[in-house]
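*Asks:* Sequence:
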Amino acid sequence: MSSLSRELVFLILQFLDEEKFKDAVHKLEQESGFYFNMRHFDEMVAAGEWDEVEKYLSGFTKVDDNRYSMKIFFEIRKQKYLEALDKNDRPKAVDILVKDLKVFSAFNEDLFKEITQLLTLDNFRDNEQLSKYGDTKSARSIMLLELKKLIEANPLFRDKLTFPSLKNARLRTLINQSLNWQHQLCKSPKQNPDIKTLFVDHSCGQSQPNGARAPSPVTHPLMGAVPKSGVFQPLGPHGVNPFQPAPAPMPNALAGWMTNPSQVAHPSASAGPIGFTAPNNAAAMLKRPRTPTNNPTVDYQTAESEHMLKRSRPFGVSDEVNNMPINILPGGFTGQSHAQSSFSSDDLPKAFVMTLSQGSAVKSMDFHPVQQILLLVGTATGEIMIWELGGRERVAHRSFKVWDLGQCSVALQASMASEYSASVNRVMWSPDGTFFGVAYSKHIVHIYSYHGGDDLRNHLEIEAHSGSVNDLAFSFPNKQICIVTCGDDRLIKVWDAVSGAKQYTFDGHEAPVYSICPHHKENIQFIFSTAIDGKIKAWLYDNAGSRVDYDAPGHSSTTMAYSADGTRLFSCGTNKEGESYLVEWNESEGAVKRTFIGLGKRAGGIVQFDTTKNRFLAAGDEFTIKFWEMDNINMLTTTDADGGLPASPCLRFNKEGMLLAVSTSDNGIKILANTDGVRLLRSLENASRVASASVVKPQPPTLGSFGPPSTSVATSFVDRVVPMVSMNGENRNLVDARPRAAEEPFDKSRIWKPTEINEPSQCRSLKLPDNLTAARVTRLIYTNSGLAILALAANAVHKLWKWPRNERNSTGKANATVVPQLWQPSNGTLMTNDTNDTNPEDTVPCFALSKNDSYVMSASGGKISLFNMMTFKTMTTFMPPPPAATFLAFHPQDNNVIAIGMDDSSIQIYNVRVDEVKTKLKGHQKRITGLAFSNSLNVLISAGADSQLCVWTSDGWEKQTNKYLQIPAGRAAAPQADTRVQFHQDQTQLLVVHETQIAIFEAPKLECLKQWVPREASGPITHATYSCDSQSIFVSFEDASVGVLSASTLRWRCRINPTSYLPANPSSRVHPLVIAAHPSDPNQFALGLNDGAVVVLEPLEAEGKWGTLPPAENGAGPSTSGAANSDQHQR
78 MSSLSRELVF LILQFLDEEK FKDAVHKLEQ ESGFYFNMRH FDEMVAAGEW DEVEKYLSGF
138 TKVDDNRYSM KIFFEIRKQK YLEALDKNDR PKAVDILVKD LKVFSAFNED LFKEITQLLT
198 LDNFRDNEQL SKYGDTKSAR SIMLLELKKL IEANPLFRDK LTFPSLKNAR LRTLINQSLN
258 WQHQLCKSPK QNPDIKTLFV DHSCGQSQPN GARAPSPVTH PLMGAVPKSG VFQPLGPHGV
318 NPFQPAPAPM PNALAGWMTN PSQVAHPSAS AGPIGFTAPN NAAAMLKRPR TPTNNPTVDY
378 QTAESEHMLK RSRPFGVSDE VNNMPINILP GGFTGQSHAQ SSFSSDDLPK AFVMTLSQGS
438 AVKSMDFHPV QQILLLVGTA TGEIMIWELG GRERVAHRSF KVWDLGQCSV ALQASMASEY
498 SASVNRVMWS PDGTFFGVAY SKHIVHIYSY HGGDDLRNHL EIEAHSGSVN DLAFSFPNKQ
558 ICIVTCGDDR LIKVWDAVSG AKQYTFDGHE APVYSICPHH KENIQFIFST AIDGKIKAWL
618 YDNAGSRVDY DAPGHSSTTM AYSADGTRLF SCGTNKEGES YLVEWNESEG AVKRTFIGLG
678 KRAGGIVQFD TTKNRFLAAG DEFTIKFWEM DNINMLTTTD ADGGLPASPC LRFNKEGMLL
738 AVSTSDNGIK ILANTDGVRL LRSLENASRV ASASVVKPQP PTLGSFGPPS TSVATSFVDR
798 VVPMVSMNGE NRNLVDARPR AAEEPFDKSR IWKPTEINEP SQCRSLKLPD NLTAARVTRL
858 IYTNSGLAIL ALAANAVHKL WKWPRNERNS TGKANATVVP QLWQPSNGTL MTNDTNDTNP
918 EDTVPCFALS KNDSYVMSAS GGKISLFNMM TFKTMTTFMP PPPAATFLAF HPQDNNVIAI
978 GMDDSSIQIY NVRVDEVKTK LKGHQKRITG LAFSNSLNVL ISAGADSQLC VWTSDGWEKQ
1038 TNKYLQIPAG RAAAPQADTR VQFHQDQTQL LVVHETQIAI FEAPKLECLK QWVPREASGP
1098 ITHATYSCDS QSIFVSFEDA SVGVLSASTL RWRCRINPTS YLPANPSSRV HPLVIAAHPS
1158 DPNQFALGLN DGAVVVLEPL EAEGKWGTLP PAENGAGPST SGAANSDQHQ R
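When we follow the working numbering, the leftmost residue of the sequence shown carries the number 78, and every step to the right adds one.
Just so you know, these hints were derived from the structure itself, not from any lab. Treat the hints with caution; some may be incorrect.
[Said to hold, decoys possible] Just the calculated beta-carbon pair ranges, DEER-fashion:
#1 Asp203 to Glu884: 19 to 29 Å
#2 Val175 to Thr432: 44 to 54 Å
#3 Ala1179 to Glu884: 35 to 45 Å
#4 Leu251 to Ser135: 53 to 63 Å
We put the beta carbon where it would ideally sit given N, CA and C, even for glycine.
Based on the provided sequences and hints, a complete structural model is requested.
*Replies:* Dropping the structure here:
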């Protein structure tokens, strides 16, 4: 279906919803599969309409599509089963067990047996794992939270959870525009056109069914006001006709921001718009279509245009509907949005549930966007901490400290010398919860990466501003995560969140910048900034200056914020006279739309506010929390949270709006909750340690678990994220940005040497069980969840090992202690590649795993196969040779696009969904042996058996540069030696692996930063890979030894000799061919051997890591020398 046809479905959904065809709306949602209505889903789950729930889900996914879908269906059917047992309806429970739950036994037979045993209990709560099961309503609520996380994480629901932002009655508007267009094209357009039908085109001819009626003052109920003459009446005071050629764009127009002055009188609001001019390259996005006049070559204008002046209209009817001479919209229609929900004041979190003791005054708070009972707090003494509300436990804490004061500016050093302290001005999580930022009152910003529990790691220290850093936010210009800051130096700056490099500086305010609000409209990214003098400015991500110079209400120090759906803009602030203003902005006109009543006058401080559920506003004022509905200027209700609040408390809602955190006058935090929030916290409170584990720590198995632990699905990316330390040697100003590595103690009096491991007792190793035909392991990878290992053997057969969850392995993740199962479906199916009858020794096997571990794409000299990882079924095959595929890589932003390296030296960019090769890249002379995408640079790096590296843009697929590896003197490489490439976590440095060397290059210019050459006695390098945190490089050699190098200096940390993990056999020539790093444990890796075995290696638990850092790394920063390092010099 084309994109326009898809959009038409959305318009029909909106129309049906506006006309209250409720059943038809949800039927079309299900049948089209375009929009998953979470509110409708909530209602069905809460009502226990299980058949309807599964029927609705069937429009979007099936039970065996992927692990997320399987878990969704399992949770629903398990709940249905438990409810039947709770009602003592044994026949129904047996029916559910046989018909609905039996399908899952093939994937977890033990769990199915345990569920079956519940039938033997008089009360299933006698089962220890179900002892906390409450009543039906609370159980459904808790399950619903779980289902939402699974749905949001499921790639099949991507882009289906948000309804497009449409103006009311959009379909009617388009019909009105069409009728007006048709009327203008009439040869003799007559007054009072009579629209009788939409089934045929309109014409003013007397014989036409859709012709003009006799002149009459009668108003048709489906039309707007009737013009008095034979031409359409001008729509504005200056006679602007919507069908005349449009005037030139006003210089202050942005898409969606009109040029008209506000209709709401306000003494502080200027008449100018709160919009800004788009750059030339954005002009196409900002222009609106216009309806043609009788001259077909003239552009035409619709009522959407920002240059259209407005007439008065009935309440609730959109501008674009009423600005039509021909109007089919009934006058009484109120235009309820399809995506809008109805709420009551009972939905507000007003019930006091707990107090958290901070010890110092709270300055800023933010709830985790995924784990919504995690609260990040910053204080007046510079402390930051993370609270887990289920157990009322402070799980992480950091005091204020400048990580590297010696690299800071003289001004900051002097400030720290006089008083080594700073206050937190702002804390904020990144949208996915993998990072958070802290803005301090003295110059700097800290960015931490968060890995659950107390695992908080330094990521970036940026000296962002001179003086106080007043606000911080995350944004995504060009789909790259950035940090936006503002400060007392009157500047706004944008920083790369991976490397810390400064990207933009916006200069234009005449007073310290108080707050920032990044946002986007359509495809235009912009930033609002407010200063303490009450000025509001707006900036595009360019160097063209501010697009807006506007006054905040009352010239107040103002914070701006959008509603959760991004459609409504609010601001709240206080001026020097102590007057506070909470307002909504009219984005169509660029002025104040409504001013909310109820804020008091204050002696000091600035009122803080927040929004929730696209419906409510809350502000801390006069020792209370005040609430408003967004559509009503009068205060809805207030609460004093049982007392103890300061005059202007700091407050923050969690994402679902169930919880509200508010600061107290005794340096604490009170947590308020609505009914759902109270129920959630009470259920977690009864088992706080279990709850805490489910949020931030590995979780032991529960009866309710199927596959990975429930929260790991939602946080799998969070669990795997590691500090991305920039080590690319760039010459940027380190005062502006200084990535920090974690400090490690080091006794410099001790002579350092790399660790040698010779005995099995010096490490943990595990040979994985295997009863299949042995064949050398040619490819090896951990699943992204870390729960399994996948190998591809030379005989084209895949092998999958899964680790069990038990008392010895509560996380179920791969390790060298617990023996995994060589997993196969019950029917004995093997994932076997097409071989095209080629000699296995002549083929170059390859595979790539999807991000959600559901599918693997693989080839062994024949066609490329796509396998379902849960069923081992072959989903499809494509691209028969010649040429044969030799390397596969998924595009990081689109799993439907694959880069395929071929044995004829070409690279094919293939779209799986449309089964089409989009382009072919040619630049190598021999087969492709490596491919790697960089998210931040938007490039593809290719490597070939010709020892050449090529850089291609990933948008236009143009070749940028190339470079050949320098083979070390005295070394001879095999004619078809593989060259493999892998990006560092910073997405800039590139690990290049060749049998003669390890090298680090900086992309995209391919400057060689470091080179390491092994001693000849070790034999050629067979493979190498970064550890998951990019701090180490694991290298395997033909003599069966394995090296652990420091990634920053390419110096030895540890050498693992074959005697420590292989049985003693002097005549054996067994050695590793491939090496794979665990996705979340930086010290675990697996080896694929030439005898078909797979071995997992970990350091001893007492050691915790492989060897120690070389002396240069204990205190000093990472080396950026480009000189070659040799193994011989290090040993």
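*Asks:* Indicate, hint by hint, whether the structure satisfies it.
*Replies:* Results for each hint:
1. Between Asp203 and Glu884 the CB atoms are about 21 Å apart, so this pair conforms to the stated range of 19 to 29 Å.
2. For Val175 paired with Thr432, a C-beta distance near 50 Å keeps the hint of 44 to 54 Å intact.
3. For the pair Ala1179 and Glu884, the supplied restraint of 35 to 45 Å is violated, since their beta-carbon distance comes to about 21 Å.
4. Checked against the given bound of 53 to 63 Å, the beta carbons of Leu251 and Ser135, roughly 31 Å apart, lie outside it.
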